[in-house]
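If you read the sequences in order, they're chains D and R. Residues 682 to 843 (the numbering used here) make up the first sequence, in order. Residues 682 to 843 (the numbering used here) make up the second sequence, in order.
Worth flagging that the hints you see were computed from the coordinates, not collected in a lab. Please note: incorrect hints may appear among the correct ones.
Stated by the list, open to error - Just the calculated beta-carbon pair ranges, DEER-fashion:
1) Ile766/D <-> Ala761/R: 37 to 47 Å
2) His789/R <-> Lys841/D: 32 to 42 Å
3) Phe810/D <-> Asn792/R: 24 to 34 Å
4) Glu807/D <-> Gln774/R: 21 to 31 Å
5) Asn683/D <-> Lys709/R: 16 to 26 Å
6) Leu698/R <-> Lys812/D: 41 to 51 Å
7) Phe810/D <-> Lys841/R: 18 to 28 Å
8) Asn792/R <-> Glu807/D: 29 to 39 Å
9) Arg745/D <-> Thr765/R: 23 to 33 Å
10) Glu807/D <-> Ala777/R: 22 to 32 Å
11) Asn694/D <-> Gln697/R: 14 to 24 Å
12) Asn683/D <-> Glu807/R: 39 to 49 Å
13) His789/D <-> Asp712/R: 41 to 51 Å
Every residue, glycine too, gets a C-beta built ideally from N, C-alpha and C.
Number of protein chains: 2
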Amino acid sequence: MNYLDLSIKIAVNNWQLQINAFNSVLDKLSDDQLMCEIAPGRNRGVYLLGHSTAVHDLMLPLLRFGDAVHPELHPLFVEAADRTIAEIPPIHQLKAQWKEVNDSLTAHINNLPVEEWFTRHNNISEENFEKEPQRNRLNVLFSRTNHLSYHRGQLALLIKKH
Amino acid sequence: MNYLDLSIKIAVNNWQLQINAFNSVLDKLSDDQLMCEIAPGRNRGVYLLGHSTAVHDLMLPLLRFGDAVHPELHPLFVEAADRTIAEIPPIHQLKAQWKEVNDSLTAHINNLPVEEWFTRHNNISEENFEKEPQRNRLNVLFSRTNHLSYHRGQLALLIKKH
Numbered sequence: 682m683n684y685l686d687l688s689i690k691i692a693v694n695n696w697q698l699q700i701n702a703f704n705s706v707l708d709k710l711s712d713d714q715l716m717c718e719i720a721p722g723r724n725r726g727v728y729l730l731g732h733s734t735a736v737h738d739l740m741l742p743l744l745r746f747g748d749a750v751h752p753e754l755h756p757l758f759v760e761a762a763d764r765t766i767a768e769i770p771p772i773h774q775l776k777a778q779w780k781e782v783n784d785s786l787t788a789h790i791n792n793l794p795v796e797e798w799f800t801r802h803n804n805i806s807e808e809n810f811e812k813e814p815q816r817n818r819l820n821v822l823f824s825r826t827n828h829l830s831y832h833r834g835q836l837a838l839l840i841k842k843h
Numbered sequence: 682m683n684y685l686d687l688s689i690k691i692a693v694n695n696w697q698l699q700i701n702a703f704n705s706v707l708d709k710l711s712d713d714q715l716m717c718e719i720a721p722g723r724n725r726g727v728y729l730l731g732h733s734t735a736v737h738d739l740m741l742p743l744l745r746f747g748d749a750v751h752p753e754l755h756p757l758f759v760e761a762a763d764r765t766i767a768e769i770p771p772i773h774q775l776k777a778q779w780k781e782v783n784d785s786l787t788a789h790i791n792n793l794p795v796e797e798w799f800t801r802h803n804n805i806s807e808e809n810f811e812k813e814p815q816r817n818r819l820n821v822l823f824s825r826t827n828h829l830s831y832h833r834g835q836l837a838l839l840i841k842k843h
């Protein structure tokens, strides 16, 4: 395997590791725990689940893989802060959507040819991309991998201490 | 710039972005706030600062850049849990060490030739590395970038809400 292929393999693997680690935290939390705030006055676990799902859903158009699957989550979990909207989907539904969105993303990510990672993401024009070639799909993968780690660190605070 | 160079540039840039973002959170916190727990019964901010410094310090030998600069931090902030050791360094000293370690790392990281990122890190033998070439220095950079995001998500909980 050449270095370029290896660098993409490592980046994709790192993304998958973070998804798995987030799922591992989710598996340790009951629905009651997910309804708790991660710290006093802060987001609830359920909001972080919905937020992560909505942000990953937005990766589908951002990476030019296709349309968002659950655009109805965006006003609830990206535009609105936690507890400002009374009605949010039940946890079992959010968990199913979280899995659905990631399964779709993973299929696209695993099938993307190496060179395609260096093409533009959808939030930059072709004209500007010529000047800023680092604003590519690979960069989106990196920043969203970090985003997921950030919220996993918070979600893990809901796990019961022994 | 070819794709391989670009992939390393993006990875290094992502690392630097996470350091900057962590520093931006630190800048918003008073010493009193850093002495608080991020959530009831969880690590204090000061512990996360010491822990991140100790882990980054360990990256120097792990990436084969040189010896750790502050090995005295490892028993306090890696091997020991928070509040199990009474005497820890004062915050102003930890902040200086955090900067010192990252400055050293950054200088090495920015000077490492692209091909060198694909050589082994220090926790794998040359023999095993032949079988698992993904266990290279680039992989360490990715995993530590995620590690820092994880703890930044926690540290940010200490920022006062308006």
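Consistency of the hints with the structure:
{"no.": "1", "hint": "Ile766/D <-> Ala761/R: 37 to 47 Å", "verdict": "holds (43 Å)"}
{"no.": "2", "hint": "His789/R <-> Lys841/D: 32 to 42 Å", "verdict": "holds (40 Å)"}
{"no.": "3", "hint": "Phe810/D <-> Asn792/R: 24 to 34 Å", "verdict": "holds (29 Å)"}
{"no.": "4", "hint": "Glu807/D <-> Gln774/R: 21 to 31 Å", "verdict": "violated (50 Å)"}
{"no.": "5", "hint": "Asn683/D <-> Lys709/R: 16 to 26 Å", "verdict": "violated (43 Å)"}
{"no.": "6", "hint": "Leu698/R <-> Lys812/D: 41 to 51 Å", "verdict": "violated (19 Å)"}
{"no.": "7", "hint": "Phe810/D <-> Lys841/R: 18 to 28 Å", "verdict": "violated (39 Å)"}
{"no.": "8", "hint": "Asn792/R <-> Glu807/D: 29 to 39 Å", "verdict": "holds (34 Å)"}
{"no.": "9", "hint": "Arg745/D <-> Thr765/R: 23 to 33 Å", "verdict": "violated (50 Å)"}
{"no.": "10", "hint": "Glu807/D <-> Ala777/R: 22 to 32 Å", "verdict": "violated (46 Å)"}
{"no.": "11", "hint": "Asn694/D <-> Gln697/R: 14 to 24 Å", "verdict": "holds (22 Å)"}
{"no.": "12", "hint": "Asn683/D <-> Glu807/R: 39 to 49 Å", "verdict": "violated (20 Å)"}
{"no.": "13", "hint": "His789/D <-> Asp712/R: 41 to 51 Å", "verdict": "holds (46 Å)"}
The structure is inconsistent with the numbered hints 4, 5, 6, 7, 9, 10 and 12, although it conforms to all the rest.
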